[in-house]
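**Q** Sequence:
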Amino acid sequence: MIFPSGRDFEMLLICRLALDGGCFDRMTIGGRMGKALMVQGTGSNVGKSMLVAGLCRAALRRGIKVAPFKPQNMSNNAAVTEDGGEIGRAQALQARACGLRPHTDMNPVLLKPETEVGSQVVVQGKRLTTAKARDYAQLKPTLMSAVLESFERLKAQHDLVIVEGAGSPAEVNLRAGDIANMGFAQAASVPVILCGDIDRGGVIAQVVGTQAVIDPADEDRIKGFIINKFRGDPTLFDEGYALISQRTGWRGFGVAPWFPEAWKLPAEDALDIGGSPGKGAFHVVCLRLSRIANFDDLDPLSQEPNLRVTMLTAGEALPADADLVILPGSKSTRGDLEFLRAQGWDIDLLAHHRRGGRILGICGGYQMLGHVIRDPDGIEGPAGETAGLGLLDVSTVMTGDKRLTQVRAQHAASGLEFDGYEIHIGRTSGPDCARPFAHVSGLPDGAMSPDGRVAGSYLHGMFAHDGFRAAWLADLGAAPSELRYQSALETTLDALADHLENALDVSGLLSAAR
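In terms of numbering that gives the first Met the number 0, the sequence shown opens at residue 0 and continues consecutively.
Calculated from the structure, these hints are not laboratory results. Model, not experiment: these values are computed from the prediction. Where a beta carbon is used, it is the ideal one built from N, C-alpha and C, also for glycine. A hint or two may mislead.
[As the list claims (entries may be wrong)] Taking CB as the label site, the calculated pair distances span:
1) Thr490 / Asp232: 49 to 59 Å
2) Ala204 / Gly355: 52 to 62 Å
3) Gly239 / Gly466: 47 to 57 Å
4) Gly377 / Ser413: 35 to 45 Å
5) Ala341 / Leu475: 26 to 36 Å
6) Glu416 / Leu475: 15 to 25 Å
7) Ser428 / Ala316: 48 to 58 Å
8) Arg230 / Ala478: 26 to 36 Å
9) Leu475 / His370: 20 to 30 Å
10) Lys131 / Asp376: 42 to 52 Å
11) Lys64 / Gly476: 19 to 29 Å
12) Arg61 / Pro304: 29 to 39 Å
13) Pro381 / Gln485: 35 to 45 Å
14) Ala316 / Glu337: 26 to 36 Å
Work out the full structure: start from the sequences and follow the hints.
**A** Quick look at the structure:
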């Protein structure tokens, strides 16, 4: 795709927003505007997403009408919204913490990496273009209008908006045109709380060093700091905590200990996903693809105590005792097929199948199970085609239209219903589609091999439904538990809020909002 720039891009963005009903004259809706507070980090993966989720739940329990917001996110783990778009999975979890349904305004710019140097750019829920990193630097400033429009809509509808930054404000080389951290905070006049991660070490330098490199105007935005992920006795850091406050002049809002139940909440970064603590006899193995997408499909299975769930990483062989292998979604299906073959997993999968093992492909993983994936227009990368694994008698053609929808499906084999969502490009057809995995609005989805041991589906989120998950596992020969996944999520969010209330000055944090 030719990358638009300058005035041409601004007109393209305005047209995109107009088509989606996002006119720029709707900067306020109704009465008074709510307040806002932004949590920025000293680096990536310092726990910003979880802090925001916990603060959102704490605010909700105080009777505050609260909403989450992240100006720019980078993740291939996306959630489909009711208004027909997509946002980062972390913002969907934060919306749940607020008692809200996910909306595209909660994450107006989403970057979905497709290669090492390029990402799909999603604006207010819809794909706008694909850009390389250097080109995106030119594109960013033109997106601020869409970011502020979404933010102002949320403020107009809520008492409080808790904003999550991305990366770190200390990345001053990216400050020009920034929409993710201080650039947004200045444009929207939002106070900032800086979060440091003591678990990775050097937290004093993280916080003090951030102050040392940012501009004075940006420094004035910061109203205080939080130390996150402390293991052990927090009082052992009293001197360090006092030193940070003394050196920066910022108010400390507390030291948050490590939250041991964090693994129960959906992870947004593929680097955070791992196996499960379950010790059951039934072994589920998921291939950690290089562009793995929507991997929250695995979360309910990871919490099943009677299962062992292994995330297989590059260079590892498929365990011989695997009962079920899951091929997850991918942002670059043909590219990940090459990655899969480079690990020797194609040979392992064929051996697993010969031993009588089961295989489930979800979305991109479903496409990989067929004979071939054709991309004549180069939608996912260079135009061409790639041979599939040949475990299902189907073929896929990539198409320009992207399906983004929440669905109610009926499992073909059991007749059980479950809620899920579709987020994919491409159309799959072939003889095995005559044995669909499920039906959506009376139409078939997915395919099954004649012996039923290989299945594919475009439906994400199916395992979050307790009744379907239990029946499906029992049919595979596993022992389902009494896990109530949705209820467990709510319990964990409440526990997270309690965790922060016990460790931080939450009242002070919420009072810092402006």
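**Q** Decide, hint by hint, whether the structure agrees.
**A** Status of the hints after comparison with the structure:
1. Thr490 / Asp232: 49 to 59 Å: Given about 27 Å between the Cβ atoms, the range is violated.
2. Ala204 / Gly355: 52 to 62 Å: For Gly355 against Ala204, whose Cβ atoms are near 55 Å apart, the range 52 to 62 Å holds.
3. Gly239 / Gly466: 47 to 57 Å: 50 Å, holds
4. Gly377 / Ser413: 35 to 45 Å: Taking Cβ atoms as reference, Gly377 and Ser413 lie about 40 Å apart, which means the hint holds.
5. Ala341 / Leu475: 26 to 36 Å: 29 Å, holds
6. Glu416 / Leu475: 15 to 25 Å: 19 Å, holds
7. Ser428 / Ala316: 48 to 58 Å: 33 Å, violated
8. Arg230 / Ala478: 26 to 36 Å: 34 Å, holds
9. Leu475 / His370: 20 to 30 Å: Holds: the Cβ-Cβ distance is about 25 Å, inside 20 to 30 Å.
10. Lys131 / Asp376: 42 to 52 Å: 19 Å, violated
11. Lys64 / Gly476: 19 to 29 Å: 48 Å, violated
12. Arg61 / Pro304: 29 to 39 Å: Given about 34 Å between the Cβ atoms, the range holds.
13. Pro381 / Gln485: 35 to 45 Å: Given a distance of about 41 Å, which is inside 35 to 45 Å, the answer is holds.
14. Ala316 / Glu337: 26 to 36 Å: 18 Å, violated
The structure shown violates the earlier hints numbered 1, 7, 10, 11, 14.
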